[in-house]
Amino acid sequence: MNTAFSEEDLAFQQEVQAFIKQKYTPELAARAANPKTFKDAQIEWQKILFEQGWIAPNWPAEYGGTGWTPTQSYIFDNERAMAGISDVVPFGLKMVGPVIYTFGNDEQKERFLPAILSSDDWWCQGYSEPGAGSDLAALQTKAVLDGDDYIVNGAKIWTTYAQHADWIFCLVRTDSSGKRQSGISFLLIDMKTPGIEVRPIHTIDNYHSLNEVIFKDVRVPVANRIGEQDAGWTYAKALLAHERVSIAEVANSKRNLAEVKKLAQQEVNGGQTLYSDTAFRSRLAETEIELMALEYTELRVLASVSRGETPGPESSLLKIKGTEIQQAIQELRMQIAGYYCGVLGQDDIGHEFGSAARQAYMYGRAASIYGGSNEVQRNVIARAVLRV
Amino acid sequence: MNTAFSEEDLAFQQEVQAFIKQKYTPELAARAANPKTFKDAQIEWQKILFEQGWIAPNWPAEYGGTGWTPTQSYIFDNERAMAGISDVVPFGLKMVGPVIYTFGNDEQKERFLPAILSSDDWWCQGYSEPGAGSDLAALQTKAVLDGDDYIVNGAKIWTTYAQHADWIFCLVRTDSSGKRQSGISFLLIDMKTPGIEVRPIHTIDNYHSLNEVIFKDVRVPVANRIGEQDAGWTYAKALLAHERVSIAEVANSKRNLAEVKKLAQQEVNGGQTLYSDTAFRSRLAETEIELMALEYTELRVLASVSRGETPGPESSLLKIKGTEIQQAIQELRMQIAGYYCGVLGQDDIGHEFGSAARQAYMYGRAASIYGGSNEVQRNVIARAVLRV
Amino acid sequence: MNFDYSEEQVMLRDSVQRFVQSQYEFETRRSIAESETAMSAENWAQFAELGWLSIPFDEQYGGFGGDIQDIAAVMEEMGKGLVIEPFFANVILFGGLLQNSGNDALKEKYIPQIIDGSLQGAYAFVERQSRYQSADVLTSANKQGDNYVLNGTKTVVFNGANADVAVVSARTSGGQSDEDGISLLLVDLSSDGVSRQNYRLMDGQLVANIEFKDVSVSADNLLGAEGQGYVLMKAAELQGSVALAAEALGIAGKLNELTLDYTKTREQFGTTISTFQVLQHRMVDTFMEYELLKSMLFRALCSWADGDDEFELDVRALKAKLARSGKLIGDEAIQIHGGMGMTDEMSVGHYVKRLMTINAIFGDGDYNQQQFVQLQDSAA
Amino acid sequence: MNFDYSEEQVMLRDSVQRFVQSQYEFETRRSIAESETAMSAENWAQFAELGWLSIPFDEQYGGFGGDIQDIAAVMEEMGKGLVIEPFFANVILFGGLLQNSGNDALKEKYIPQIIDGSLQGAYAFVERQSRYQSADVLTSANKQGDNYVLNGTKTVVFNGANADVAVVSARTSGGQSDEDGISLLLVDLSSDGVSRQNYRLMDGQLVANIEFKDVSVSADNLLGAEGQGYVLMKAAELQGSVALAAEALGIAGKLNELTLDYTKTREQFGTTISTFQVLQHRMVDTFMEYELLKSMLFRALCSWADGDDEFELDVRALKAKLARSGKLIGDEAIQIHGGMGMTDEMSVGHYVKRLMTINAIFGDGDYNQQQFVQLQDSAA
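Residue numbers (the numbering used here), protein chains in the order written: chain A, 1 to 388; chain B, 389 to 776; chain C, 777 to 1156; chain D, 1157 to 1536.
Hints listed in this document are in silico derivations from the structure and should not be mistaken for laboratory results.
Mixed in with the good hints, there may be bad ones.
To be verified - For lysine to any residue, the following SDA-like pairs were computed, each having C-alpha atoms within a straight-line distance of at most 20 Å: (1) Lys-1410/D with Arg-31/A; (2) Lys-1040/C with Ile-436/B; (3) Lys-21/A with Arg-31/A; (4) Lys-1483/D with Tyr-363/A; (5) Lys-1420/D with Glu-1488/D; (6) Lys-1040/C with Val-1434/D; (7) Lys-1410/D with Tyr-363/A; (8) Lys-1040/C with Asp-494/B; (9) Lys-1103/C with Tyr-363/A; (10) Lys-1103/C with Leu-386/A.
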């Protein structure tokens, strides 16, 4: 049992560090941090990764993946997060991409994968529906066959960055006669198709990332259906476990915790820093210890995935614990912000981070709700592990 | 809104203090603290209270109660606990007594109440059964009418101090045809009746207070049945809410917390007392604050009871929170004991309180299980308050 | 032993309740919060008419002569309605300081204006570096003749944007964190040398950073004796904490109610989610936290009424308890509402954000628990 | 990256597993625990035969040459079986100190006796006043010629009742709590001036308070250099903590398993209690805590294998995590078992009591978390 980096690993780490230092310029970082310029900056960075061949560590090499060992993936992700760089937008690269190369036909692979890798297409996810929530299989959006097209009617909700998207991948109901999980199909839909309306959802973080997407007689070619009609649930489910592994966001939490430490060292109350305040420090240490345990849990799952095992209910554990830790760190940052924890949209007030802390905290409430709420994840573990 | 003591209250407080000082001698205290002499010392003290007329604050004056205001009851209980005196053994005075004076006939009142008040009869409670647990209504002990007697067969479990008891009050099944809650009768059974066997249950605290009580063709006169046949569930239920109010044990927890503070001031680690160790102290303060909130919750319930209202689901809250706080205080004491927290039955080792801390902690696990487990209490609140 | 509000208090409470129910629906509140001043002048005039603005003031100035229990009765209902008008900042903080100031001339001049609704006041006591230590004061007031010259910047001044005048804490002597040497001055915010930067907090209120540059303030505007302002500040902190706790209690009850109602209508997996035992038990826990918070508020209100030595200890405990209960109740409210809890459209998030704002005023849970511990040590 | 035990480690682990399953049923364990010595001499001889007693020792003394990972593999299984024989006290603590002592003569003399099962040793390091600060040593050793004269009392000496010899920490110079000036001496417990008071702990083990009154010990019995014993003590504390954590992991897994099984058979309100969603979610939480504890153990084992600077930090974090996970898992095990969990007859309470005992050895959760924080500060 060991996790020591080999010489190759150490060399790889240096290569990653050098690459980031060279390519992720302060100027780019500044644009990525600004909501107004975020999308362009993010695409610019993803294209840099694409040119380097590092855009899709989780894909098989034959489709453009890196062929990295789990240790290399771990190193890359760690260095990325520690440099304060956001992960790639997941909808194309981590969600629909794997579905397409696993279940799509050759034509679909040729048509969609290159633009996902090059970040020329921006994807969004159409799973949840108003009224369905964590009960995905209750979905009502209907697709009716009409010649070579489906005609889609219905609505999707909580669609992150739909306002930026070129494509949406959707679960739609093509048959209502059998069990709820059957009769669902997996469609790729061009967002420019007539009949699609994107309505912003204003959220408690006072920011716009979520949307409702309304479909009114939207024609989607049958050629845009993944796999068999009525079998879409299977494809989506295969993806969910993968999604949950990355949802733990250990590397990002490490970075955020390091930032929180730095802020606590600067914030003074009654002549001593918050970092040397025992109550705050013990809360911080408790969170850090949980994160240390989570990090090795993620590594254990990665090690088993690298042996070809499919991530099982452990991925639900990573999701639950990962989001709990993210929220704990957001709370620590809010605590440091003190009187400034509620500042709205202005970063020149008090501690400059107050508004950002608030936004991250409020939006962070969603982490335990979306992607299968933590309650649903506990049900999953209860069934799969406890077999109750 | 106020809780200030009136002059009468202050005078009463002094009277109680003087009484305790005079009657609860150090010699008596020492015997009460020793498991071997506990029973006799406890009875001796209860007889002193009886002579003073203070044995049954919760009873109506006509049956021998004190007629105290809620504030006086609060003062008495507080002074008693702060003097380190155990509350009266509840089975006669707090449990079966109220059932007898509320639902019993005149003959039963005359026959049983005096010996309960004078502590000449020691009672125990026969509710739980092996296999029934918190699902009281699932009880199986049968009573079959045979002339003027019932013939009782079955077993009761978790019977505290059955080894000392003269009488047991039991729920028994007299009819199995209807709903589970109906067909239950409430019997008073002389422990000397042939066919009763008391088997000790050894518990994780390495102490003997619990028993199984086996009934084999035990003849119980019909005259010992409270109220109507098959209506026993009603009588027992009316009692449960009262039982839960006193189960909060706020006064005892205040006393125990004060003791824990004193111990923490004596215990040194690395040159500073545990009391000045911030982590320990903040745990202590957190518990104390919860207890302060619980104390006023109890007072609110007492105030409403004194207006003639029956304690409702709040009593479940008192039970849940009261036992959680008791357990938190037990845990603090174990933490102070350090290496000596596991000492078994010897009080001359290390901190002299190690063995007692262990016993209280381990036995204390039962508080959230017995008297309707805390899970069952939450179900009660969910139904009664949330109406879900 | 008596835990009932008096008849008068019940009348006050009912009056706020009626207002909230009939005139302060959530959408009305939203449009007020989003307006330029983040308050409604009409509502404020109505508050004056209803007598709410007179509560803490002596009868000789036209006040109601109320105490902290009267205020609590009102604040709980304001919490339920998420009333955004600056009752707390203007009447309780600014008005309370004035009422306790011992400066009869100032009282005579300003209290009637508060009561009739024509004056907006604020209490400026937070500085960039002070965090929760209100004795950490860098703003200086130097005596020059009959005036003080005020220099410094106050931050997160509640009602600071709308205020005509403010009570400002300033150092007239002593070191940066000394309790001695702080003086309270009532400053006209239209004076030369005053500038403001207005901004909003997540609960929608409009606050300000206020900079004072060589602002001349008459020595007549001193609240309390020179250098002895801290005792007034401390009283404002304690009474303000109780008022906020009452508001928080109202919010907590409302959050529990909204959440419970939601679970009874929301269907998932073919049934209303109120039938899920885990959600039931978690809602039992939030119900219990609400009751415990209420008990703690009553404890502080009683020890105030009893003239108890432990009032400060009880307030610290109350504020610490508020932090824990509020966190649990707020988190569960959003979590159980699921995706809907994340939307600005639902009221639940707005209640949570006000609760979080309250948590940070006069110190968070950790801070108040530490004060609790220090008080015990200094009493021992 | 590799989180698998080696083939050799798997063989060791399986060997303990087989022993526990075939020869160490709970009732057998109970009668051993209740016997006069609280251990079985036959079992000990079998441990020797199976080679377990040789694990941490150099091959030149007949040892297996194992490391902390080998020990962890064994301890986890011992935890599952609640093995009460003094493997930890004798082989890991006493043996480990000897192995690291650098005193070849002592090693040559005693290690073979440990390995063949003929010697019982102990490590006496706790004093009445020391709590978790093992550098707080009042026991004194004064050099007189070629001997030390030992005076003082050690308490809660694991295996102290059965031990023939003990490694004793004693002060040869310095102040009461100085790390410098502590010397480790191997003492024959049949020496003049040694007296013991034996007693049991809640996990059933027999321990002792040992008093030394002018006990003469040869200077040849020094482990490490005079006054430099603390470095060996520290290593014993860290490695011992990892071994205990592995045992605790075995116990935690067993508790979860017993509890889950119980809920599947226990009926209440007409159904097995495993169908109650609240219990399911709480068992999911204990499952997660078990997995996180395992990850933390693996983290410490890997940083040991990697020769990582962070080993001590990882061990402190592990012991702190153990305290929290163990508390949750133990509490839930008893609570979900209900009344049956309170009985001495069921094994669940015994597992919990061992887990609680482990929690207090080398410092509880608070203590280890504070060490964690201090280490970070001293590294910064």
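Status of the hints after comparison with the structure:
Simply put, Lys-1410/D and Arg-31/A have alpha-carbon atoms about 53 Å apart, too far for the 20 Å limit, and the pair is violated. Restraint check for Lys-1040/C and Ile-436/B: not satisfied, since their Cα atoms lie roughly 55 Å apart, outside the 20 Å limit. Using a Cα cut-off of 20 Å, the hinted pair Lys-21/A and Arg-31/A holds, with the two alpha carbons roughly 16 Å apart. Taking the CA atoms of Lys-1483/D and Tyr-363/A, the gap is about 32 Å. The hint is violated against a cut of 20 Å.
For the hint linking Lys-1420/D to Glu-1488/D, the alpha-carbon distance of about 15 Å falls within 20 Å, and the restraint holds. The straight-line distance between the Cα atoms of Lys-1040/C and Val-1434/D is roughly 18 Å, inside the 20 Å bound, and the hint therefore holds. For the given pair, Lys-1410/D sits about 39 Å from Tyr-363/A by alpha-carbon distance, which is inconsistent with the 20 Å threshold. Distance check on the hinted pair: Lys-1040/C and Asp-494/B sit about 48 Å apart at the alpha-carbon level, beyond 20 Å; violated.
Restraint check: the Cα-Cα separation between Lys-1103/C and Tyr-363/A comes to about 16 Å, which is no more than 20 Å; the hinted pair holds. A distance of roughly 31 Å separates the Cα atoms of Lys-1103/C and Leu-386/A; the hinted pair therefore is violated under the 20 Å criterion.
Of the numbered hints listed earlier, those contradicted by the structure are 1, 2, 4, 7, 8, 10.
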